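Take a look at the letters that make up each chain.
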Amino acid sequence: MKIKLDNVSFSYNEEKVISNLNLEIESSSITAIIGHNGSGKSTLAKLIVGLLEPKKGTIYLDDQVLNEDSIKIFRNKMGIIFQNPDNQFVGVTVKDDIAFGLENKNIEREEMIQKIHKYLKLVGMEEYIEESPENLSGGQKQRVAIAGALSMECELLILDESTSMLDPLGTKEVGETIKKIKNEDNKTIIIITHDLEEARLADRVIVLNKGKIVKDGTPKEVFSDENILINSGLKTMDSVKIINDLKNVDYKNKKEIEAALWELTFKM
Amino acid sequence: MGINFQNVAFRYSPLGKDVLQDINLEVEENDEFVFILGHTGSGKSTLVQNINALLLPYKGKLNVMDHQVITRYRHPIKLNTKLNKKRYNLNKSKHLFAKSNIPVYSRTLRNIRKHIGLVFQFPEYQLFESTVLKDVMFGPKNFKYSKEECERLAKEALELVDFPKELYDRSPFLLSGGQMRRVAIAGILAINPDVIILDEPTVGLDPKGKDTLMNLLVDIQKKTHKSIIIISHDMNVVARYAKRIIVMKQSRIVYDGEKRRLFEDLDKLHEYNLDLPTVSGLSMELKKKNLINYKHLPLTIEELETVIKGGDIYE
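Sequences listed follow chains A and B, in order.
Take the first sequence: its letters are residues 1 to 268, numbered as in this note's numbering.
Take the second sequence: its letters are residues 1 to 315, numbered as in this note's numbering.
Here chain A stands alone, though its shape is the one from the complex (with noise of 0.2 Å):
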């Protein structure tokens, strides 16, 4: 799904949250949205998916205008996955949780079956088909909450800080699902958090702060860019600000581990 925000503005009344904001987001790609807490990414999102309406300027899916009428339409292509994932679960069991979607669509059994199976092989939860939320942990419920989204065969997940309420282990079990389904279909995936690592699965990282993107561009510009970052209330990997505070300093082997600490940066 494509998607573009033409000038768009919004205020929790009279606090501005996202001003004057101009961006295209291209189908099929990944782009993470980070930002301090009140930068204004949640709100981003959930403009982007009609659950807020711009106080100003235009928000297009697919070149068409989002309105009341159009998103009746939209919706059935959107997924979101939120923070808390006791929040978003439905079912009493696993399985029972990706139906429900399913057969508010008024999908066939048989196809039903079939994409319960489909989806939670994909995210790796496939044995916990009959199992009840409560034996699951935070991560698990994320996957089950992705793959609930992606049999209603959306075309654009939205995952608005998701990770950020899960211990390491949920968080690296997110993390791989996402790189997973990045492999999968032609989806357009938007990330919102302020954790950088979970940034880096992303094709292209905006940086949003006060409700304006202060720099827009690659992972490896973006987390080079340290200022912009501490300037957003953000800080830039480890391995980033090693490179950076050791630029003016000579050492022993500085180009090769320059290299290492940027290629660790993205496959640790």
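Where hints are given, some of them may not hold.
Stated by the list, open to error - Dumping the calculated DSS-like pairs for lysine-lysine here, alpha-carbon to alpha-carbon at most 27 Å:
#1 A:K187 with A:K2
#2 A:K267 with B:K287
#3 A:K255 with B:K295
#4 A:K220 with B:K210
Hints were generated in silico from the structure; no laboratory data involved.
Nothing here was measured: the structure is a model prediction, and the numbers come from that model.
With chain A fixed as given, assemble chain B onto it according to the hints.
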């Protein structure tokens, strides 16, 4: 007196399995900065909830400051009164088994909670009052301080967490995530506890918010000398700030000691399901490529930079 566990065990239901087993632990009242680590479900949160008597052990002996927590007697017993020692024949009791594990709500449990300030995960979700100041005053109000005293304690606590005065009358729900968390911590500091326990205080905060909060806790300890116990999964925070580490695995304490010894023992880390701090992982990869060499594994950015520049990390 601090906190002292002797062979403590806890289970949620009488026929359930032990969630804490054979816990022996001592934490001083002052100047400790302890991190409790462990996989989800290892018993970390249960351990700290036993410390402030939200949960009561069914076996063993638990002393919190000058109180002994014993479920058998249905309320904690003040150790330093002769009458109590005589009444409960404490000198002769070899072990203290609870008859039931149902928490006992008594006024004396309140005394323990006054000594131990427990900040839960995502404490900002527990804010409820109409203004920041009122929210922070809620704790002392529960301990029957006068209104003036509550206000004084609340203001002192808000100052300690470096919260701007002009926002005292603002609704806590109009604050940023980091500010809300500071208000929630101030709410605990306002009851002036001897020991502060925080369950995953940095989770969900952005990097700047994380640093600010951790530096704030270090600062609070410097000013007040109170011991601080933190449950965390974030190894980068642990590597930077911990003085002492306790690791829990399957309901037991499996490690109690300093951080470097733990992080340098990769087999143990693997056994405890713990990750390395990012910098330590980078260091090992660079060493593998023969680009750097070190005697002690770097745990922080500063340490790795020292090693890259050809220096040594001194203990």
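Check your understanding: Can you name, in rising order, the numbers of the hints this structure does not satisfy?
Key -> none
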